[in-house]
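Q: On the provided structure of chain A, position chain B as indicated by the hints.
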Amino acid sequence: MSLSLPKPMRLPSLILLALVMTLVFGPMIMSADPISISVKDRMALPSWSHWLGQDEFGRDRLARVLYGGRVSLTVAFLASVIACVVGTLFGLIGAYFRGPFEFVTMRLSDVVLCFPPILLALLVVTLFGPGVTTLVAVLSVLYFPAFARIAFSEALRVAALDFVEAARALGAAPRRIVLRTVLPNILGPISVQFSLTAAASITIESGLSFLGLGVVPPAPSWGQMIRGARAFMNQDPTGILVPCAALTLTIWSINFFCDRLRDTLDPKHGESAGKDEIAKARADAAAAAAGPAQILDADVVAQVKDLRLALPRPEGPLALIDGVTLTLRQNECTALVGESGSGKSLTSLALMGLLPSAIRPAGGRILIHRKTGGTVDLATLGERETEDLRGNDVAMIFQEPMTSLNPIHRIGAQMIEAIRAHKAISAEEARARAVELLDLVGIPEAGRRIDSYPHELSGGMRQRVMIAMALSGEPKLMIADEPTTALDVTIQAEIVELLQRLRQEYAAGMSLLFISHNLGIVAEIADQIAVMYAGEVVEQGPAAEVLATPHHPYTRALLDSMPSAHEDLHSSRGDRLAAIAGTPARPEARPSGCAFRDRCPQARPCCAESRPELYPTGTRAARCFFAPGADQPQEREAGA
Amino acid sequence: MTALLEVSDLSKAYPVGRRGLFRRRTMQALAGVSLSIAPGEVLGLVGESGSGKSTIGKAVLRLIEPETGSIRFDGRDLRALSTEELRAARKDMQIIFQDPYASLDPRKTVRAALAEALDTHGLHTGQRRTPRLNELVQMVGLSPQALDRRPHEFSGGQRQRIGIARALAVEPRFIVADEAVSALDVSIQAQILNLLADLRARTGISILFISHDLSVVRFISDRVMVLYLGRVMELGPADRIHFAPRHPYTAALVSAEPSLAPRQARIRLTGEIPSPMNPPSGCVFRTRCPYALPECAQAVPALRPAGEGQLTACIRDDILS
Chain A
1 MSLSLPKPMR
11 LPSLILLALV
21 MTLVFGPMIM
31 SADPISISVK
41 DRMALPSWSH
51 WLGQDEFGRD
61 RLARVLYGGR
71 VSLTVAFLAS
81 VIACVVGTLF
91 GLIGAYFRGP
101 FEFVTMRLSD
111 VVLCFPPILL
121 ALLVVTLFGP
131 GVTTLVAVLS
141 VLYFPAFARI
151 AFSEALRVAA
161 LDFVEAARAL
171 GAAPRRIVLR
181 TVLPNILGPI
191 SVQFSLTAAA
201 SITIESGLSF
211 LGLGVVPPAP
221 SWGQMIRGAR
231 AFMNQDPTGI
241 LVPCAALTLT
251 IWSINFFCDR
261 LRDTLDPKHG
271 ESAGKDEIAK
281 ARADAAAAAA
291 GPAQILDADV
301 VAQVKDLRLA
311 LPRPEGPLAL
321 IDGVTLTLRQ
331 NECTALVGES
341 GSGKSLTSLA
351 LMGLLPSAIR
361 PAGGRILIHR
371 KTGGTVDLAT
381 LGERETEDLR
391 GNDVAMIFQE
401 PMTSLNPIHR
411 IGAQMIEAIR
421 AHKAISAEEA
431 RARAVELLDL
441 VGIPEAGRRI
451 DSYPHELSGG
461 MRQRVMIAMA
471 LSGEPKLMIA
481 DEPTTALDVT
491 IQAEIVELLQ
501 RLRQEYAAGM
511 SLLFISHNLG
521 IVAEIADQIA
531 VMYAGEVVEQ
541 GPAAEVLATP
551 HHPYTRALLD
561 SMPSAHEDLH
571 SSRGDRLAAI
581 AGTPARPEAR
591 PSGCAFRDRC
601 PQARPCCAES
611 RPELYPTGTR
621 AARCFFAPGA
631 DQPQEREAGA
Chain B
1 MTALLEVSDL
11 SKAYPVGRRG
21 LFRRRTMQAL
31 AGVSLSIAPG
41 EVLGLVGESG
51 SGKSTIGKAV
61 LRLIEPETGS
71 IRFDGRDLRA
81 LSTEELRAAR
91 KDMQIIFQDP
101 YASLDPRKTV
111 RAALAEALDT
121 HGLHTGQRRT
131 PRLNELVQMV
141 GLSPQALDRR
151 PHEFSGGQRQ
161 RIGIARALAV
171 EPRFIVADEA
181 VSALDVSIQA
191 QILNLLADLR
201 ARTGISILFI
211 SHDLSVVRFI
221 SDRVMVLYLG
231 RVMELGPADR
241 IHFAPRHPYT
251 AALVSAEPSL
261 APRQARIRLT
271 GEIPSPMNPP
281 SGCVFRTRCP
291 YALPECAQAV
301 PALRPAGEGQ
311 LTACIRDDIL
321 S
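Listed in order, the protein sequences are those of chains A and B. Residue 18 in this note's numbering sits at position 18 of the first sequence; the count goes up by one each step and never skips. Residue 84 in this note's numbering sits at position 84 of the second sequence; the count goes up by one each step and never skips.
Some clues are possibly wrong.
[Said to hold, decoys possible] Estimated spans, in silico, between C-beta atoms of each pair: (1) G212/A / H152/B: 52 to 62 Å; (2) D317/B / E445/A: 30 to 40 Å; (3) A173/A / M277/B: 34 to 44 Å.
What the hints contain is simulated information worked out from the structure, not anything from laboratory work. We put the CB at the ideal spot given by N, CA and C, even for glycine.
Okay, chain B solo, but in the shape it has when bound:
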């Protein structure tokens, strides 16, 4: 199966603070990240704050401009598109945001918000507009009466459904879900996860699912990518990453996950997440890694195959198996 989205060697640095005498200080948000998503696939991105997961989500949609790297969507190089071409290409790629309160214009009714999406790409005009709007709200589990209400009349979970309906309005083939269930109550979170799973099953949409919650990512994703300080630590099938991690950072994340089951010994990480403005040399995780060796500081470890279908950026084979 050919990939729908193919990203290679994506890097992004943000300028921080004032220009120094000779150089500007920068914060490396992403360093050489490559990923691909097949049609109908859900790729999970996990990592703690500062890992660069949201930056990836916005960079692949070109909502922020990466420094280097190529983004190919359906065979086309997104970075080579003109502004006009990019606007047209946005029909195929949409985003769902974390905060259901900030992601909807408080002054627009649901109908206006959805109609704006359709108008932008000249879809379902005239007679076909109303049936399409009804279909959209029903697809996300709301009633057509919801169309004439404004966001403040809805609960957080319902707003998130409206945000999903807006993303689906233009019939995209790919959606970035950026912490889309993180702000929701547990009972509502399960509803939205089921909704996304249904949509994927029914429409074959591809999803880049970004979250800090490992168990949520494991449930929804086919493959999971673990990020730390802008670099890929591990990539592999969701269940393998969760139950048989091959990178010490993934193992630490999984073991820190609060769980109802009596927990196995937690892998303790020492120290703080280093500042992205001054990341450690070699393996960025080595300053907190309980298994770090002197060699870890020498060179940035490349992703290499390990376990069943996994890729890990750790030079040691003797610690987790």
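Just chain A, with the same shape it has in the complex:
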């Protein structure tokens, strides 16, 4: 037991360890003999010499419980180890080599799984006679399929990963790949299965012993103790309570251990905020927002004002979004541009009220102009009102349309549900509306395609369906989060055209927030642009101007690093792309002062001293001391 055990594992490990130690060392330090009979002390009550009393033959009950536990644990452990090793090997070999190996593994498991476990055990014990060896053999055969199947499916998943392919490409021998590369990566689920099996084996072992088919009397076992005490339940309830309690405690502690182990091994595990905390955070935000009433300009659909989002950590909150301000106007497409981790998606999720529960608002407000009139602050809305807002006023389309559509329902059913969630109309009317929308987004034969399942449509068609669904509530703001990234170039161009056409022809006045890392697409679709870096907007303004003459070094560097912006360069002529050195700043390692300074070719000492503001010039702004709007950059330079 190393002290580096993760915290949630400490208590269950301690309990399990204590239990095993008691069963292993308990009998060594006590003098009582579990099988010596003393007829005159039958069912004696607990005394100093016999702490748990004596059983129906006058044997010491404590000794029998401890010795019995030893037997149970040994049987369970041995059976689990054998089942685990054999099953895992079968599963691994079946999954890696496929073909006949797969057939043998799977069919063998199927055969064993066909028999009800207790029946199979009964059959084998009847044939070979009871005893510890038979028990171990029966239990390992019973639990072999569980391991074989888990190892098989996990190995199949891991073997498809690129690093296994890389090992093959290196020319590594199959034995080495299976044992050194695949096996370590499937140990997590297998170890969980191991503890589950151990618990289950104890139950089955006790069951068989209870039936008289397990451990042979007079050797003690928990099942046998129950069997013996059952006849005298009324006179001596302790007799049955003691082994039952031992059984329950053992299985509970193993299961407790399993549960925590599974949580610990799950890479996605993390402490999610409890309901109370979320409610509290919302109340805090509401209190903060209860300032003077907010009035937006008539053409502003939504406004993000000085938004700050943070991830709470024991050592203090980690700022993820730091003072982002965006004004989204009617009839305008605003592009939010940045690399992964720049905070562009978080900002858009905040606009939808869909922030992951671990992330807390730390300041700022989000105002949305509702269709019904009036402006609301998102932080003051309850769960219900936010749901009503989504779809009706703000809609969103995502990068991967396959994961955003429910694969088991026809697209028509999903659309009708979405339409009727926002409008009280009949199913027929909703269906007619759905066909109309599908037609609008350019789905050929919409009346027929409406009854397709998502997997029957191509990626481009699915994205069109997502757009149709987003339009169904006639929102004033549509957020498109990398809507074309997963699509082929020719399809991507069509989707961009569709979005443009919809804005002009159909949803007049709709505001589009387009999130992308691809400046080429942004140049085609956006009116306004906001470039994000490390959770801050570093430059914003009209898209055409920003892309033609960037003021912030980051924007300039992004443009320079795109091969499509340098059609005159070619690697064979020794040309190099103007790459930005280093990697994007992570929130926990943000440089002081300007977040971009450690990658900026123009950085000066003053950039490390204080954070630049977003200096405005005309319709544009840039967060750089040397941008045109900054106060006397020359002086700063001279002073530096």
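A: Only chain B this time, still in chain A's reference frame:
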């Protein structure tokens, strides 16, 4: 210059779904693809999803078995090699993957991953091991401290560098870069492209560069091959393919490329990419081609010379010039 890799008439079909009453349905991933790569050359492969570009990359390394076709590497027929001989031959041919998160074993340190590559071919053992490992990580722009860390401690771009170091560890003469920069941020993508260009210039390695991004392929490749539904549409010098395409599909791809410059009229493709299980007769592109003629359905057009050093699989000469 003789070719390092010479592939001719490569075909691959994947079985799809259940066996029918009489025949199994198949998906034709590749149909009669031939290509050659000279020492030190970068050949770009472009195409949309389902074009078979990744299948080519894996088939030339024999990571998947093609049905027909010959693969000659440095004069040796790769398909005739025994399992043992193939394992030894893998030293000369390596692969870099797209997903920097899936391509490294999360449980191995960088040192262990690189050492595994060296051990497999018994290279740089004993005393010479440490200097070689240091040299490898430095070659891809990482510091030797990186050796004792595990993949999760690195960013996507750094992981891609580690993947490249693993491929380079065995001193291959040929690398397949399968969408190697597609999952990376723009700024990091440029770094990796520069790294690959430097490596080629310094070591004279040949690269089969697979990508869906035309401008990236144009920058890095000497010649470019355009694929559609498992067939070659056009092949030629990178700049010619990009600026003077002779096949309507290439022209459509180039014109659909998002670009900062004001775009010329986009060539609109009608309809969807046909299913590879049931490809159109004749020219596979004809169902979406704005210039298709009735003759296009008659026979599969052969690659023929067109323009400056280009080969095109289009029967029309009058449309693009």
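Q: Would you mind marking each hint as holding or not holding in the structure?
A: Status of each hint after checking the structure:
Remark: the range hint 52 to 62 Å for G212/A to H152/B is upheld by a beta-carbon distance near 54 Å. Roughly 36 Å separates the CB atoms of D317/B and E445/A, a value that falls within the hinted 30 to 40 Å. Between A173/A and M277/B, the C-beta spacing of about 36 Å keeps the proposed range 34 to 44 Å intact.
Checked against the numbered hints given earlier, this structure breaks none of them.
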